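J.: Listed below are the residues making up each chain.
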Amino acid sequence: MIGMFAYNIPFASIFIMMITAIITPLIPNRKRLPEKLSCLSIAVVGLLSAYLLYELTASGRTISFNFSMGHFPAPWGNELRAGPLEAVLSLVFCTAMLLSLTGNFSSTAEDIAPARRNIFCVLVNLLTASLLALTYTNDLFTAYVFIEINTIAACAIVAVKEGPETARAALRYLVMSLVGSGLVMIAICLLYDLTGHLLMQNMHNAIAELVATKRYMIPLTVSLALITAGLAIKSALYPFASWLPDAHGSSTNASSAILSGLVLKGHIFTIIKVFYRVFGLNVIHALRMDTAIFILGILAMIMGSVHALRQNNVKRMIAWSSVAQVGYIFLGVGLNTVAGIAAACLHIIVHACVKPMLFTAAGGLSNAAGHRKGLHALMGTFYVNVWAGLGLIAGAFSMMGIPGFAGFASKLSLTLASFDHNSIVWALTALAASSVLNALYYVPAVIVVLTHNKDARKNFTAPAPTMSYKISMCIFLALNFYLGLFCVPLLRLITRGVNVL
Amino acid sequence: MLEKLLLNHYEAAAVILSGIGLTNLLLQRNLIKKIIGLNIMDTAVYLFLAAKGYVEGRAAPILISDGAGGWLRSSELYVNPVPAGLVLTGIVVSVSVTAFALALTLKLYESYGTLNIDEALMKMTEEQHQLEARIDEAEEEVLS
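For the protein sequence lines, the chains are Z and R, in the order given.
So the first sequence is numbered by our numbering: it starts at 27 and just counts up by one.
So the second sequence is numbered by our numbering: it starts at 106 and just counts up by one.
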């Protein structure tokens, strides 16, 4: 059995972030204390998650447990659930969140007025809390509430940077998110009506019974379609991704990194939980939702890259590349096997580590080019800010899937997972085509950055990268190589986690 | 078909209302109308939930003690309290989201003087073009 300390970690993690969000506005707003406090809390939660992971998987065992909130028994009380997969994800979320904040420490100071910086911290803390809650929750309505908290916080960290452009991007993002969460709420109400439960396990049993007796199949299909569509809008699956480049491209670098790397992943993991825990893979297959997700995933992989090719602004290019990467994750989910979902989870982790690095690097480079974001303006900036240049190159190689970099590991596991699927030809073609397309826009970016430009040093009077930038970039690079070279134990761990999800 | 609709008239009304709300939220170009659409959609969901939780002839779920450790009425006599709880949570969420959306709309109006999201976009691209033109001019001056 699990120790009392570890048993309380899922709840404590969410609670610590909530409390930090409440006290951040109260502490004095100087020497950047609020940001330091937030970073400290996130680090503490990350360490707790690491300990939880150790407790759940040490010496070859695989444990998952339910934490009952308020000590009411199962059908009535609210529950959290933790297993190895949840622990790994919350560890990765905390790490990426912390690095996104520390890496962009100086650019946050430039973009956000001092008086608003503690508000920014409140939002970041709320986002972390909602991501953790989405990871751990075992109750669909709690998931809905945290999806909404996530929406507000995510739109607000876009709008926190002053300017009409961000206000417009945030509004667009908010409207699309509200459509998404409205659909999710309708779906949850329908499911509650059909099953009489809100806890995932009880819902699963009730749905299995309904499907076995072939009752209410149409309402069940409708509610599955609605909840998938709602969460797909929020996780920027291709036809619903038009809001993403505006929101991710115009916000401050830390916000872009957090939104692209983490916020999308919280919703994707919720979809995985709905598929795996609430409906079950057999029902998903019977209702044909796996095929729909599979096709949309392939579409996103291609179209995301095609749109990225047409961008001139480096941040918008990276933002569109996120759409393509989300497509990879949905491809894995659409395979509808344990291996597919494990590969999707690995890609969630890989993308959560690589995309914040790319945004941090792009921020550093455009800062070196005098705050210009056009690709041509970045010529020769590698030699002004070497750390950012290294980050961009490693991130680009990773997204293309060069062996040794993180993206290779997850693409390999997606390929291997598609081998026991009927549509292997489609999956492999899409993976190959998308990798080539990725290369088509990342390679020119790398070449531009590396091209010697005599005027670069003269014209660009950017301050040297700070110590926190260098350290964060080092950790990002180390994580990138770790994931690329030693992904097998991690994939094995994720598979164990998916099995007890 | 019609009989079933009449039997479930609350649900039918809720579906129609949420359709109206969703269409408004997606298709209206005026932001205030968009936000009104959002509220109609949310309210439709509350109607649906309230209709689902209601049981004909039963009372509000308030337990009254009989003073001897028991309850005056058995729990069989109450409507389902869970949907009411969900509606309450939903109302809180929708109020906060509405407030946030209105705040952003106000900001947009301050910057562009319009509530139409397309007009705002047009003005923004115009401004960007002007800015780029000015930067180009400045660069040419420096070069010459």
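Some hints here could point you the wrong way.
Stated by the list, open to error - Using C-beta positions, here's what the derived DEER-type ranges look like: (1) I89/Z to I167/R: 50 to 56 Å; (2) G124/R to F98/Z: 55 to 61 Å; (3) G400/Z to E224/R: 22 to 28 Å; (4) M30/Z to V160/R: 14 to 20 Å; (5) T219/R to M30/Z: 43 to 49 Å; (6) R241/Z to Y214/R: 35 to 41 Å; (7) R241/Z to N185/R: 17 to 23 Å; (8) N135/R to R241/Z: 39 to 45 Å; (9) L236/R to F507/Z: 48 to 54 Å; (10) T219/R to P99/Z: 51 to 57 Å; (11) Y183/R to S94/Z: 56 to 62 Å.
Stated by the list, open to error - Computed cross-link-like contacts, SDA-like style, restricted to lysine to any residue with a CA-CA straight-line distance of at most 20 Å: (12) K212/R to G189/Z; (13) K399/Z to P491/Z; (14) K399/Z to T230/R; (15) K157/R to E224/R; (16) K240/Z to P265/Z; (17) K157/R to T194/R; (18) K57/Z to P190/Z; (19) K399/Z to E224/R; (20) K62/Z to P190/Z; (21) K496/Z to A141/Z; (22) K399/Z to E237/R; (23) K228/R to K57/Z; (24) K212/R to E188/Z; (25) K212/R to E237/R; (26) K157/R to Y242/Z; (27) K399/Z to R239/R; (28) K212/R to K240/Z; (29) K157/R to D219/Z; (30) K57/Z to T492/Z; (31) K212/R to A141/Z; (32) K157/R to L313/Z; (33) K157/R to I45/Z; (34) K212/R to R134/R; (35) K109/R to A84/Z; (36) K62/Z to G189/Z; (37) K212/R to A139/Z; (38) K57/Z to R143/Z; (39) K62/Z to I45/Z; (40) K157/R to I169/R.
No wet-lab data here; the hints were simulated from the structure.
Being a predicted model, the structure only gives us computed values, none of them experimental.
Backbone N, C-alpha and C fix where the C-beta goes; we use that ideal spot for every residue, glycine too.
J.: Work down the list of hints and note, for each, if the structure agrees.
T.: So, going through the hints one by one against the coordinates:
no.: 1; hint: I89/Z to I167/R: 50 to 56 Å; in the structure: violated (42 Å)
no.: 2; hint: G124/R to F98/Z: 55 to 61 Å; in the structure: violated (37 Å)
no.: 3; hint: G400/Z to E224/R: 22 to 28 Å; in the structure: holds (26 Å)
no.: 4; hint: M30/Z to V160/R: 14 to 20 Å; in the structure: violated (42 Å)
no.: 5; hint: T219/R to M30/Z: 43 to 49 Å; in the structure: violated (58 Å)
no.: 6; hint: R241/Z to Y214/R: 35 to 41 Å; in the structure: violated (51 Å)
no.: 7; hint: R241/Z to N185/R: 17 to 23 Å; in the structure: holds (21 Å)
no.: 8; hint: N135/R to R241/Z: 39 to 45 Å; in the structure: holds (44 Å)
no.: 9; hint: L236/R to F507/Z: 48 to 54 Å; in the structure: violated (41 Å)
no.: 10; hint: T219/R to P99/Z: 51 to 57 Å; in the structure: holds (55 Å)
no.: 11; hint: Y183/R to S94/Z: 56 to 62 Å; in the structure: violated (24 Å)
no.: 12; hint: K212/R to G189/Z; in the structure: holds (9 Å)
no.: 13; hint: K399/Z to P491/Z; in the structure: holds (18 Å)
no.: 14; hint: K399/Z to T230/R; in the structure: holds (16 Å)
no.: 15; hint: K157/R to E224/R; in the structure: violated (42 Å)
no.: 16; hint: K240/Z to P265/Z; in the structure: violated (32 Å)
no.: 17; hint: K157/R to T194/R; in the structure: holds (16 Å)
no.: 18; hint: K57/Z to P190/Z; in the structure: violated (28 Å)
no.: 19; hint: K399/Z to E224/R; in the structure: violated (25 Å)
no.: 20; hint: K62/Z to P190/Z; in the structure: violated (29 Å)
no.: 21; hint: K496/Z to A141/Z; in the structure: violated (27 Å)
no.: 22; hint: K399/Z to E237/R; in the structure: holds (13 Å)
no.: 23; hint: K228/R to K57/Z; in the structure: violated (39 Å)
no.: 24; hint: K212/R to E188/Z; in the structure: holds (10 Å)
no.: 25; hint: K212/R to E237/R; in the structure: violated (24 Å)
no.: 26; hint: K157/R to Y242/Z; in the structure: holds (16 Å)
no.: 27; hint: K399/Z to R239/R; in the structure: holds (17 Å)
no.: 28; hint: K212/R to K240/Z; in the structure: violated (52 Å)
no.: 29; hint: K157/R to D219/Z; in the structure: holds (7 Å)
no.: 30; hint: K57/Z to T492/Z; in the structure: holds (16 Å)
no.: 31; hint: K212/R to A141/Z; in the structure: holds (18 Å)
no.: 32; hint: K157/R to L313/Z; in the structure: violated (25 Å)
no.: 33; hint: K157/R to I45/Z; in the structure: violated (36 Å)
no.: 34; hint: K212/R to R134/R; in the structure: holds (16 Å)
no.: 35; hint: K109/R to A84/Z; in the structure: violated (57 Å)
no.: 36; hint: K62/Z to G189/Z; in the structure: violated (26 Å)
no.: 37; hint: K212/R to A139/Z; in the structure: holds (16 Å)
no.: 38; hint: K57/Z to R143/Z; in the structure: holds (11 Å)
no.: 39; hint: K62/Z to I45/Z; in the structure: holds (15 Å)
no.: 40; hint: K157/R to I169/R; in the structure: violated (24 Å)
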